[in-house]
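> So the protein sequences, as listed, match chains A and B.
First residue of the first sequence: 340, per my numbering; consecutive thereafter.
First residue of the second sequence: 340, per my numbering; consecutive thereafter.
Any given hint could be a false lead.
Treat identical chains as interchangeable: a pair holds within one or across any two.
Dumping the calculated DSSO-like pairs for lysine-lysine here, alpha-carbon to alpha-carbon at most 30 angstroms [stated by the list, open to error]: (1) K389 to K483; (2) K747 to K703; (3) K455 to K501; (4) K681 to K535; (5) K501 to K535; (6) K501 to K703; (7) K483 to K509; (8) K444 to K747; (9) K444 to K584; (10) K564 to K389; (11) K455 to K584; (12) K444 to K501; (13) K703 to K605; (14) K610 to K716; (15) K747 to K584; (16) K509 to K716; (17) K580 to K564; (18) K535 to K584; (19) K444 to K535.
Simulated from the structure, these hints should not be mistaken for lab results.
Listed below, chain by chain, are the residues.
Protein chains: 2
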Amino acid sequence: MIVEVINTGTELLLGEILNTNFQYLSRHLNNMGFDVLYQTTVGDNAPRMKQSVLHALERADIIIITGGLGPTRGDITKDTIVEICGLECYLDLDTWGRIDAFFTKKGSCVPANNDKQAMIPVGAEILQNDVGTAPGLFICYQNKYLILLPGPPAEMTDMCEKQLWPLLEKKFGSQGIILSRTLHLRGIGESLTAEKIDDLIIEQSNPTIAIYARHGEILIRLTAKAETRQIAGAMLDDYEKLIRKRLPQYIYGVDDESLPAILGRKLLENKKTVAFAESCTGGLASSLVTDIPGSSEYLLGSAVTYTNEIKNRLLNVQQETLQEFGAVSRETACEMAVGARKLFTSDYGVSITGNAGPGESENKPVGLVYIAVATEKVVYCQEHYFHHSRVENKLRIALTAISMLLNKINQENDLEE
Amino acid sequence: MIVEVINTGTELLLGEILNTNFQYLSRHLNNMGFDVLYQTTVGDNAPRMKQSVLHALERADIIIITGGLGPTRGDITKDTIVEICGLECYLDLDTWGRIDAFFTKKGSCVPANNDKQAMIPVGAEILQNDVGTAPGLFICYQNKYLILLPGPPAEMTDMCEKQLWPLLEKKFGSQGIILSRTLHLRGIGESLTAEKIDDLIIEQSNPTIAIYARHGEILIRLTAKAETRQIAGAMLDDYEKLIRKRLPQYIYGVDDESLPAILGRKLLENKKTVAFAESCTGGLASSLVTDIPGSSEYLLGSAVTYTNEIKNRLLNVQQETLQEFGAVSRETACEMAVGARKLFTSDYGVSITGNAGPGESENKPVGLVYIAVATEKVVYCQEHYFHHSRVENKLRIALTAISMLLNKINQENDLEE
Numbered sequence: 340m341i342v343e344v345i346n347t348g349t350e351l352l353l354g355e356i357l358n359t360n361f362q363y364l365s366r367h368l369n370n371m372g373f374d375v376l377y378q379t380t381v382g383d384n385a386p387r388m389k390q391s392v393l394h395a396l397e398r399a400d401i402i403i404i405t406g407g408l409g410p411t412r413g414d415i416t417k418d419t420i421v422e423i424c425g426l427e428c429y430l431d432l433d434t435w436g437r438i439d440a441f442f443t444k445k446g447s448c449v450p451a452n453n454d455k456q457a458m459i460p461v462g463a464e465i466l467q468n469d470v471g472t473a474p475g476l477f478i479c480y481q482n483k484y485l486i487l488l489p490g491p492p493a494e495m496t497d498m499c500e501k502q503l504w505p506l507l508e509k510k511f512g513s514q515g516i517i518l519s520r521t522l523h524l525r526g527i528g529e530s531l532t533a534e535k536i537d538d539l540i541i542e543q544s545n546p547t548i549a550i551y552a553r554h555g556e557i558l559i560r561l562t563a564k565a566e567t568r569q570i571a572g573a574m575l576d577d578y579e580k581l582i583r584k585r586l587p588q589y590i591y592g593v594d595d596e597s598l599p600a601i602l603g604r605k606l607l608e609n610k611k612t613v614a615f616a617e618s619c620t621g622g623l624a625s626s627l628v629t630d631i632p633g634s635s636e637y638l639l640g641s642a643v644t645y646t647n648e649i650k651n652r653l654l655n656v657q658q659e660t661l662q663e664f665g666a667v668s669r670e671t672a673c674e675m676a677v678g679a680r681k682l683f684t685s686d687y688g689v690s691i692t693g694n695a696g697p698g699e700s701e702n703k704p705v706g707l708v709y710i711a712v713a714t715e716k717v718v719y720c721q722e723h724y725f726h727h728s729r730v731e732n733k734l735r736i737a738l739t740a741i742s743m744l745l746n747k748i749n750q751e752n753d754l755e756e
Numbered sequence: 340m341i342v343e344v345i346n347t348g349t350e351l352l353l354g355e356i357l358n359t360n361f362q363y364l365s366r367h368l369n370n371m372g373f374d375v376l377y378q379t380t381v382g383d384n385a386p387r388m389k390q391s392v393l394h395a396l397e398r399a400d401i402i403i404i405t406g407g408l409g410p411t412r413g414d415i416t417k418d419t420i421v422e423i424c425g426l427e428c429y430l431d432l433d434t435w436g437r438i439d440a441f442f443t444k445k446g447s448c449v450p451a452n453n454d455k456q457a458m459i460p461v462g463a464e465i466l467q468n469d470v471g472t473a474p475g476l477f478i479c480y481q482n483k484y485l486i487l488l489p490g491p492p493a494e495m496t497d498m499c500e501k502q503l504w505p506l507l508e509k510k511f512g513s514q515g516i517i518l519s520r521t522l523h524l525r526g527i528g529e530s531l532t533a534e535k536i537d538d539l540i541i542e543q544s545n546p547t548i549a550i551y552a553r554h555g556e557i558l559i560r561l562t563a564k565a566e567t568r569q570i571a572g573a574m575l576d577d578y579e580k581l582i583r584k585r586l587p588q589y590i591y592g593v594d595d596e597s598l599p600a601i602l603g604r605k606l607l608e609n610k611k612t613v614a615f616a617e618s619c620t621g622g623l624a625s626s627l628v629t630d631i632p633g634s635s636e637y638l639l640g641s642a643v644t645y646t647n648e649i650k651n652r653l654l655n656v657q658q659e660t661l662q663e664f665g666a667v668s669r670e671t672a673c674e675m676a677v678g679a680r681k682l683f684t685s686d687y688g689v690s691i692t693g694n695a696g697p698g699e700s701e702n703k704p705v706g707l708v709y710i711a712v713a714t715e716k717v718v719y720c721q722e723h724y725f726h727h728s729r730v731e732n733k734l735r736i737a738l739t740a741i742s743m744l745l746n747k748i749n750q751e752n753d754l755e756e
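Produce the entire structure from the sequences given, and follow the hints as far as they go.
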């Protein structure tokens, strides 16, 4: 079954917010075997919204529309669909009661606007909203299906998890599976990656293989379509093996295995702990590591030392070192890493010192960063250059530091074996 | 002139990556007065990409297509456009030289794949790529304009900044201006906000007013269309004044004035400094503050104290406090804030201790967080509950801490005046 997703909202069209809803919906629909072939964004404009929905009805079987179910005047999705389908609406008392309870629990009265959210088209199945006030709707129209979902991501995902995915499973049964697997690579560029696996990439085949770059990494995405998850998984296993033979040293993770998740697993396996000493990343490296639940088992802390004085006082970086080489130097990075290890009494200390930009600092170029990893016996240090915006640089620097630590942990384990 | 943006790439359709390119393009095009009315995502599939482009040619004047200009087999955008427009291609030596230089500078040979990127349709204007290898293209076809841009965000934005925006200005002149202004509010919900300004929200008028929620905040977006930036700006000024009268205490910022940016300005104005003591946010609060260039003027550092032992050793949180009340408590939060202030010798100390989830901790509920702000004379502490995923909670907690600090700084200044 072909799915089109229409994300409504002038804030989306104007570029005020990022479209995270589509990413969520698409991933889940694909996992369930639905072919998501079209995505459209349209503003809070009745004629254009109507045109988009009519166009979607021509080319898709299931049309999912997010947004525009709120209590304000700009929320026009339900009215647009009701007009297209020629439906009447009624006041649903159960929905009304839930909206009332929502506000009562917060100690407020129900604003007058919200009653429009309890008007339900005749024949629609109601998807109740446990996080906000707008119910979702599942409408059958001329052998097609229109599904209306609230725009706020937390409301939409909760409604999908609890109600829509089970409903789609029940109504449409198994769609076969479209299964994707993504290999994450560091240390190699896009063209060279493509060269190494060019003969495996046969257009329109099954599985398909695609390559793309993100935040200083390369991703290889394999997509297989099959009757069952098992068959699709086996197809992916075969191609993953082939690709790993060609690019063994670059692949560091699979699917949602982010660097922080893999680091956490490695540290737990080896019963080791880590602490950070961060300057230009400002806490981002340890924040990424602590995105992983259970990270308190291996992350002892981080010292964000933004001034030379605090580098000296907290991490014991020598005044002479700072004076002679500056904060952005190998020497300072090494002393910071050793200092972090000692301060937090961790197995590993990781330090980051550099200039994320945009301005120069200490006469050192923008983008110059030193990352050091201290173990019990030795300190490693690498020099890097980063070429993007301050915020993008911070992210790439933090990921590079985590990657460097992972490499050192793996090296240590290889030596021991 | 009406613009449609088509973002190509199966990785987008499959939900593997977020569509940040559209957000960038739309913001800039709107600022220049172009009406971005349609956005479509389509995969690396020739028939569907062709269908999308043909559909766009019916309803828009300018069609911007991102992605699919790479060297791999999956990159089919140029071929699709060339087929639609019936164009021949030639090998452009200048482009070929640039691609060669790109790889030479990195010390590599040019992979064989990349020569396809130097094939240029006859009559197309070339937009050179200073960050990657794929040139962009500007093609005139039957009184419409097709603009092909590379997919990787850094390449696309660089090409737009340096070449596309000046080119559009030159070719189409002034389009009038569509100017947006966004007011940021904290401490009030969406429905109540709508109620308070309901009479100002007149559908399809100019300026339009829209309300939406994000990361625990409310945003009110005003959009005005006029001949010149000056006239549009004046229209926005009028409505901003009206709205501020209705909601004075909730509006904390305008447009890109993020909480970290406003905090930075306030601290600089008052020549004050801050340090953080973070537990569950893991460094995210200080990382957000350091996203702002120049933050080293007021952010002295952060102690990410993930264990009780380090809370005691680094921040001087008393053992008795931790034993009696636990790490997630008012008492610990206050001692952490005072400790951060003393450790970094800053004017303000901000602490965050709590449980971002998903698991319970110390028999304290998921989402319970204490945030404290220590000044020279007093420590304030607030209790909060957060209800989202771990990563979303961390973000909301960090923003709440920055917001609380801002409020305290403002209160102190009010008292002094």
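> Under a CA distance limit of 30 angstroms, which applies to K580 and K564: within one copy, between copies, both, or neither?
This pair counts as within: shortest intra-copy Cα distance 18 angstroms, inter-copy 56 angstroms.
> Can you give me the call for K444 and K584, within, between, both or neither, at a CA distance of at most 30 angstroms?
Intra 58 angstroms, inter 29 angstroms, cutoff 30 angstroms: inter-copy only.
> When Cα atoms must be at most 30 angstroms apart, do K681 and K535 count as within-copy, between-copy, both, or neither?
Intra 44 angstroms, inter 56 angstroms, cutoff 30 angstroms: neither.
> Could you figure out if K509 and K716 sit no more than 30 angstroms apart (CA to CA) within one copy, between two copies, both or neither?
neither (59 angstroms within a copy, 62 angstroms between copies)
> If the cut is 30 angstroms between Cα atoms, do K501 and K535 qualify within a copy, between copies, both or neither?
neither (43 angstroms within a copy, 33 angstroms between copies)
> Please sort K747 with K584 into within, between, both or neither, judging by C-alpha distance up to 30 angstroms.
within (23 angstroms within a copy, 59 angstroms between copies)
> Check K747 against K703 for me: Cα-Cα at most 30 angstroms, and say if that holds within a copy, between copies, both or neither.
Within one copy only: 27 angstroms inside a chain, 37 angstroms across chains, cut-off 30 angstroms.
> Checking K444 and K535: alpha-carbon separation at most 30 angstroms within a copy, between copies, both or neither?
between (59 angstroms within a copy, 21 angstroms between copies)
> Using 30 angstroms as the alpha carbon limit, work out where K389 and K483 are close: within a copy, between copies, both or neither.
both (16 angstroms within a copy, 24 angstroms between copies)
> Is it within a copy, between copies, both, or neither that the alpha carbon of K535 lies no farther than 30 angstroms from that of K584?
within (10 angstroms within a copy, 63 angstroms between copies)
> Could you place K455 and K501 in one of the four classes (within, between, both, neither) given a Cα distance threshold of 30 angstroms?
For K455 and K501, the Cα distance is within 30 angstroms only inside one copy (24 angstroms; across copies 48 angstroms).
> Classify it for me, K483 with K509: is the Cα-Cα distance of at most 30 angstroms met within a copy, between copies, both or neither?
within (16 angstroms within a copy, 46 angstroms between copies)
Figure legend: structure checked against the earlier numbered hints; hints not met, in rising order: 4, 5, 16.
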